[in-house]
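S.K.: What follows is the residue order along each chain.
There are 6 protein chains.
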Amino acid sequence: MESRLHKVWGENKGALNGWLSIPSTVTAEFMAMQDFDSLTVDLQHGLVDYQTALTLFQAVQGYGRTPLARVPWNEPGIIMKLLDAGALGIICPMINTAEDAKRFVGACLYHPDGYRSTGPTRAGLLHPNYFGEANRTIISMAMIETVQAVGNADAICSTPGLSGIYVGPSDLAVSMGKSPGMDPTDPEVIANIDKALAAAKKAGIKAGIHCLTPTYMRKMIEKGFDFTTLSSDVRLFISGVAGDVKTFRDLEAGQ
Amino acid sequence: MESRLHKVWGENKGALNGWLSIPSTVTAEFMAMQDFDSLTVDLQHGLVDYQTALTLFQAVQGYGRTPLARVPWNEPGIIMKLLDAGALGIICPMINTAEDAKRFVGACLYHPDGYRSTGPTRAGLLHPNYFGEANRTIISMAMIETVQAVGNADAICSTPGLSGIYVGPSDLAVSMGKSPGMDPTDPEVIANIDKALAAAKKAGIKAGIHCLTPTYMRKMIEKGFDFTTLSSDVRLFISGVAGDVKTFRDLEAGQ
Amino acid sequence: MESRLHKVWGENKGALNGWLSIPSTVTAEFMAMQDFDSLTVDLQHGLVDYQTALTLFQAVQGYGRTPLARVPWNEPGIIMKLLDAGALGIICPMINTAEDAKRFVGACLYHPDGYRSTGPTRAGLLHPNYFGEANRTIISMAMIETVQAVGNADAICSTPGLSGIYVGPSDLAVSMGKSPGMDPTDPEVIANIDKALAAAKKAGIKAGIHCLTPTYMRKMIEKGFDFTTLSSDVRLFISGVAGDVKTFRDLEAGQ
Amino acid sequence: MESRLHKVWGENKGALNGWLSIPSTVTAEFMAMQDFDSLTVDLQHGLVDYQTALTLFQAVQGYGRTPLARVPWNEPGIIMKLLDAGALGIICPMINTAEDAKRFVGACLYHPDGYRSTGPTRAGLLHPNYFGEANRTIISMAMIETVQAVGNADAICSTPGLSGIYVGPSDLAVSMGKSPGMDPTDPEVIANIDKALAAAKKAGIKAGIHCLTPTYMRKMIEKGFDFTTLSSDVRLFISGVAGDVKTFRDLEAGQ
Amino acid sequence: MESRLHKVWGENKGALNGWLSIPSTVTAEFMAMQDFDSLTVDLQHGLVDYQTALTLFQAVQGYGRTPLARVPWNEPGIIMKLLDAGALGIICPMINTAEDAKRFVGACLYHPDGYRSTGPTRAGLLHPNYFGEANRTIISMAMIETVQAVGNADAICSTPGLSGIYVGPSDLAVSMGKSPGMDPTDPEVIANIDKALAAAKKAGIKAGIHCLTPTYMRKMIEKGFDFTTLSSDVRLFISGVAGDVKTFRDLEAGQ
Amino acid sequence: MESRLHKVWGENKGALNGWLSIPSTVTAEFMAMQDFDSLTVDLQHGLVDYQTALTLFQAVQGYGRTPLARVPWNEPGIIMKLLDAGALGIICPMINTAEDAKRFVGACLYHPDGYRSTGPTRAGLLHPNYFGEANRTIISMAMIETVQAVGNADAICSTPGLSGIYVGPSDLAVSMGKSPGMDPTDPEVIANIDKALAAAKKAGIKAGIHCLTPTYMRKMIEKGFDFTTLSSDVRLFISGVAGDVKTFRDLEAGQ
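These protein sequences, in sequence, are chains A, Y, V, G, E and C.
229 is the number that full-length UniProt numbering gives to position 229 of the first sequence; each next residue is one higher, with no gaps.
49 is the number that full-length UniProt numbering gives to position 49 of the second sequence; each next residue is one higher, with no gaps.
194 is the number that full-length UniProt numbering gives to position 194 of the third sequence; each next residue is one higher, with no gaps.
255 is the number that full-length UniProt numbering gives to position 255 of the fourth sequence; each next residue is one higher, with no gaps.
122 is the number that full-length UniProt numbering gives to position 122 of the fifth sequence; each next residue is one higher, with no gaps.
198 is the number that full-length UniProt numbering gives to position 198 of the sixth sequence; each next residue is one higher, with no gaps.
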């Protein structure tokens with residue numbers, strides 16, 4: 001169960017995470033063919049439900065990217081189902097308090113560390129010693145994406161068993177009364193991101209952040225982030241198509 | 001994001017809402033071909049899950065009916081997912097207290113009006129200025145369908161940001177110890193419906209009700225309702241088929 | 001493998017066949033809940049492919065209606081797949097010559113009557129003595145739906161192993177240079193239908209016809225037809241919905 | 001709505017329950033062809049979501065096995081959806097307190113016994129007098145699978161309306177600090193199973209248990225259990241395949 | 001049924017066609033949001049079957065792009081099914097002789113121009129006067145993609161009812177003993193493309209060609225082509241993702 | 001593109017082939033977890049269509065078993081689609097003449113060896129030099145399963161480019177007027193199997209055969225077969241379940 005993400009972190013490198021929002025095994029497999037360290041199936045804002053998520057995990061299985069999932073909300077049912085389906089880690093949105101974090105981490109871990117129910121149907125077939133290794137290797141990342149969460153960052157980060165945080169810069173900005181957006185440059189937003197990062201570092205856990213461009217990802221890694229997400233399959237797809245369509249229309253218009 | 005429903009309401013007319021309970025893009029598109037003002041995908045009693053709901057929204061997209069969804073329960077995860085998928089409004093069952101209503105409305109609206117997470121994957125592509133307009137245009141309708149809810153109707157209706165109520169006459173009757181059923185004529189049930197309607201009118205919000213027949217819908221609109229649902233795709237389908245099968249068998253029997 | 005259709009025919013009655021064009025197990029099961037003698041999954045003009053057809057056969061399995069399928073074209077691959085999936089009979093479009101009929105019937109029957117390949121994966125599990133009974137009970141109905149086919153009707157009907165014909169009145173009319181349409185009243189079209197019926201009767205095989213209304217079906221049965229189809233799930237669904245929507249709009253307009 | 005399970009229990013026999021974890025109507029129907037008394041669709045550790053569960057209920061409909069479902073977690077939305085889809089009973093995981101049990105049972109029953117919402121879309125079509133019979137016949141089984149639950153077994157078992165308990169031996173063992181596993185022989189685990197069984201018997205409700213082998217099931221029935229599950233479709237499938245593959249490789253190696 | 005493609009051609013402009021190879025309504029709808037004139041669902045080399053193609057047609061319906069399909073092979077069953085599903089035109093691969101072309105065109109047109117069977121289930125609902133307009137508006141494009149086809153180009157192009165040709169440059173090159181590839185520059189390949197174009201122009205029918213880049217498309221339009229395809233959803237997706245992944249890795253390596 | 005099957009054959013060993021008839025990525029992946037050399041998706045008698053076959057290829061991708069497909073019939077469209085989807089070989093039923101074989105092999109190979117169309121959408125992404133290697137590595141196996149085919153075995157086996165034959169003993173027996181069945185012991189059937197094997201050996205191509213049990217497979221390999229299939233996922237699943245259900249019922253009956 002030591003996956004590529006563990007290896008990247010073992011080498012003190014910042015990971016390149018891909019983001020699966022399209023409910024298609026075909027686009028998921030195409031993503032898996034690229035040189036990502038991990039791939040996260042997004043069940044929150046992605047257009048993906050559990051049954052589809054399962055097929056996405058299957059489609060990316062052969063390519064050696066660590067499979068993760070973001071859940072729609074902090075609910076034990078879906079967290080446990082995704083782990084049973086083969087996710088090696090969970091990103092949970094809107095962890096605003098230490099209590100939220102405890103509930104989340106508990107759903108990811110077996111007794112005595114948590115209250116996860118045993119029965120890892122697919123996961124156990126993929127990893128022969130699953131029960132023995134799960135509590136040590138399953139990755140749990142709490143999303144820090146509100147002013148409240150930043151205020152509680154130290155308490156959240158010190159939750160026993162929590163693997164890391166994952167900053168959602170767009171929601172964070174919105175909670176500050178600003179417009180949503182990725183790769184923020186607003187100093188106040190960045191100040192809050194830095195606070196979250198500092199709390200993670202202080203607690204000795206990993207820090208991740210959702211980004212849009214490779215350049216921004218690089219900056220975040222240099223700042224200390226361990227895990228950076230490249231936009232999403234949706235955005236990458238649309239920007240690719242839109243660019244070429246525009247070129248065609250410009251040529252047609254003689255521009 | 002001003003949709004047909006807003007237009008109908010702007011003209012002070014009662015809307016004709018269709019009800020999608022069959023998990024099929026084909027029947028959904030056939031419904032969309034008819035002259036409905038809005039179409040509600042029912043994830044509570046309908047045979048529909050999120051992944052299917054997404055495809056239903058896609059199938060009805062081109063026909064100009066306002067897409068709504070009824071969620072299975074008052075849970076933020078599924079409410080937000082359906083809005084991200086393109087629903088322009090949510091009907092939430094079993095809102096019995098002002099606290100229920102507040103939790104529901106909060107899930108529908110972005111900060112500072114609520115706690116909805118940003119990331120409107122499909123909705124944002126359909127509506128270029130989505131974030132700027134969402135809090136003003138997203139429709140939230142709280143179901144009043146128990147004696148308790150009728151008792152709390154004023155408190156529920158005064159929830160900031162709530163767009164309207166939606167009366168479920170069948171559950172309301174059951175909560176009164178009566179048999180379930182649509183288009184009620186029982187004076188006690190009607191009295192409670194009237195109380196709910198009055199509370200909505202007093203609060204200046206919309207009032208909707210689930211009906212079975214066009215005649216009853218007309219009566220409800222004349223009584224002041226702004227939004228009436230015509231039975232469901234399931235009932236309309238079955239009654240159509242059953243009628244012709246019976247005619248065949250009657251003719252066969254020489255009747 | 002003696003199914004309800006065999007029983008109805010054993011009683012010299014005309015069968016009531018339902019038509020499944022919607023790719024949904026839900027609408028298929030609702031159809032199966034009605035008092036049809038048989039249900040035909042339409043893979044030609046219906047919106048249904050093999051994989052969906054399989055699930056429709058499963059959904060109607062418990063209700064005792066004889067499961068049939070209409071194939072897209074006279075091709076052995078799909079005919080055999082549908083029989084393996086549990087269809088107890090096949091309706092084949094556009095059988096215009098005795099040679100067409102022979103190719104069709106051969107695909108439905110095992111050696112020495114035909115060239116069907118053994119391996120009835122689902123069918124064999126449903127019917128323990130499948131191989132022994134299949135050639136005797138599988139129903140093959142050749143569509144007579146062109147002027148050419150009517151001309152060749154005697155030759156088609158005398159194809160060894162053919163169970164019956166199935167008249168497609170709409171295509172038949174089109175092949176005569178007339179407009180398409182069900183339940184024809186045009187004397188020339190009816191004359192051709194009568195010729196097809198006569199050929200079937202002469203050959204001692206069954207005769208079926210696609211109809212729209214119970215009244216017309218009754219007339220066809222009284223004329224000698226053994227098998228009549230009631231419109232389709234699509235048409236029944238749409239006409240049901242459209243009727244109530246119109247009533248609502250008429251009431252709204254004060255009509 | 002009196003189903004096979006009620007009949008078996010009426011004869012004071014222990015039921016043979018099958019377990020559906022594979023999201024396929026095909027394997028579900030194959031299971032239904034076997035001589036099970038009931039079949040449980042597992043939405044917790046099974047690889048199955050609501051939309052698939054619906055199709056599984058349809059696929060097993062014709063075979064007379066009582067359809068049950070295990071939900072992912074004690075949440076009213078999914079419990080009610082599965083009952084509406086035709087499940088005649090619900091198994092709910094991780095019922096650790098009387099309060100958990102009350103919330104669970106309430107979601108299964110209509111007013112005045114619970115708070116289930118009316119609208120049994122498919123269930124009501126299958127069972128004409130559904131509303132009248134549901135509260136009396138719907139089966140609710142609370143999973144006793146932690147030390148805490150065993151401690152609270154009497155309180156849980158005396159929840160009004162609860163039909164029975166269902167022991168999860170693997171999670172129970174884990175909650176005791178032991179390794180997970182079915183068909184336990186550890187005396188301490190067995191002691192807790194016996195306590196749960198005794199509490200059910202004392203309360204006059206049914207007792208069920210998840211097992212692996214027919215031999216162990218027999219022992220449990222002789223001990224007093226009313227309901228025993230045979231492993232799962234996943235395990236039965238894999239062990240069947242693995243056995244023959246091993247035989248091939250052994251023969252190849254000359255063993 | 002006069003669609004955007006007819007309008008573009010009426011203005012003597014070269015059309016921008018998009019290519020759908022991914023079996024996902026989500027990516028299809030994202031494509032439809034871009035400024036294409038038409039969208040072709042590829043059932044030959046695309047990863048798409050009939051049942052999925054139907055859902056893709058539904059997903060792109062609202063966006064005003066002319067829906068086309070490429071069939072896997074010159075077979076009447078699938079051609080007719082796709083037209084019934086709403087395709088307004090068919091591209092047919094490997095038309096090497098006038099006889100191939102005649103068989104293809106006949107499947108696209110109703111009597112007396114062809115042998116298409118009536119029953120346009122979805123198409124007829126979308127277009128009220130479907131039967132009356134179909135033969136005049138349905139687009140049929142024969143693929144010229146072998147040396148043999150180029151040799152027979154004049155005969156193919158003079159097939160009554162054929163709307164146009166569609167050059168497949170990659171297969172054409174392969175049939176000449178060269179490597180496959182889009183946007184060819186090899187003078188011998190270009191000479192054959194020019195012959196095909198000339199034959200179409202001589203016969204007064206449309207000419208289309210599959211391209212990779214907007215620049216090449218522009219060149220083809222200037223050369224006289226009426227219809228040019230921009231790569232495919234698969235290629236656009238992968239190149240977009242691969243580019244950003246490479247940038248990340250380059251930045252990581254300090255390049 | 002040199003896959004495990006090529007390696008096994010390079011070592012002069014007889015391959016262990018698994019058979020996928022269930023339309024589920026879950027059971028397919030479970031099969032792939034076992035020690036098979038190759039896995040064949042059966043689109044003829046299996047309950048599987050193209051769209052599902054694609055997902056099965058994806059689900060088994062990571063496990064190193066050579067992916068093959070059996071097509072429903074000898075038709076170029078589906079053969080090419082399955083190769084584009086990633087099948088590294090095709091088994092084609094009912095090859096009775098050298099002409100059948102030529103048509104089949106031609107569909108598997110690119111010019112100048114055949115007439116396969118280029119555009120290996122998924123296959124080309126999995127195998128970077130696909131076009132260069134395909135004609136040399138794609139496996140084509142012609143089914144010998146009728147008396148006629150055995151009579152033409154030498155002519156079939158000498159088809160240029162054909163990789164091997166695959167004996168269908170059940171259809172072969174049926175074509176001889178005998179009952180269907182696997183692992184035949186009838187001397188006349190075995191004599192025909194031996195003739196087919198001898199023809200393959202004489203032509204220097206591979207010989208495969210469908211079997212039921214490991215013991216029979218071993219015998220076939222010792223006789224000279226290069227490729228043996230272990231029953232099917234359907235049969236293995238059902239026999240596993242049926243056995244345990246019977247044991248339970250026997251124990252219940254006190255046997």
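A portion of the hints provided could be inaccurate.
The list treats identical chains as interchangeable, and a pair is accepted whether it falls inside one copy or across any two copies.
Keeping only pairs whose Cα atoms sit at most 25 Å apart, straight-line, the calculated PhoX-like set for lysine-lysine is [as the list claims (entries may be wrong)]:
{"#": "1", "residue 1": "Lys201", "residue 2": "Lys246"}
{"#": "2", "residue 1": "Lys246", "residue 2": "Lys13"}
{"#": "3", "residue 1": "Lys246", "residue 2": "Lys202"}
{"#": "4", "residue 1": "Lys178", "residue 2": "Lys195"}
{"#": "5", "residue 1": "Lys202", "residue 2": "Lys178"}
{"#": "6", "residue 1": "Lys178", "residue 2": "Lys246"}
{"#": "7", "residue 1": "Lys102", "residue 2": "Lys223"}
{"#": "8", "residue 1": "Lys13", "residue 2": "Lys178"}
{"#": "9", "residue 1": "Lys13", "residue 2": "Lys102"}
{"#": "10", "residue 1": "Lys219", "residue 2": "Lys102"}
{"#": "11", "residue 1": "Lys246", "residue 2": "Lys195"}
{"#": "12", "residue 1": "Lys178", "residue 2": "Lys7"}
{"#": "13", "residue 1": "Lys102", "residue 2": "Lys246"}
{"#": "14", "residue 1": "Lys223", "residue 2": "Lys195"}
These are computed hints drawn from the structure, not numbers from a lab.
S.K.: Which of the listed hints are broken here?
M.R.: 1, 3, 5, 6, 7, 8, 9, 10, 11, 12, 13
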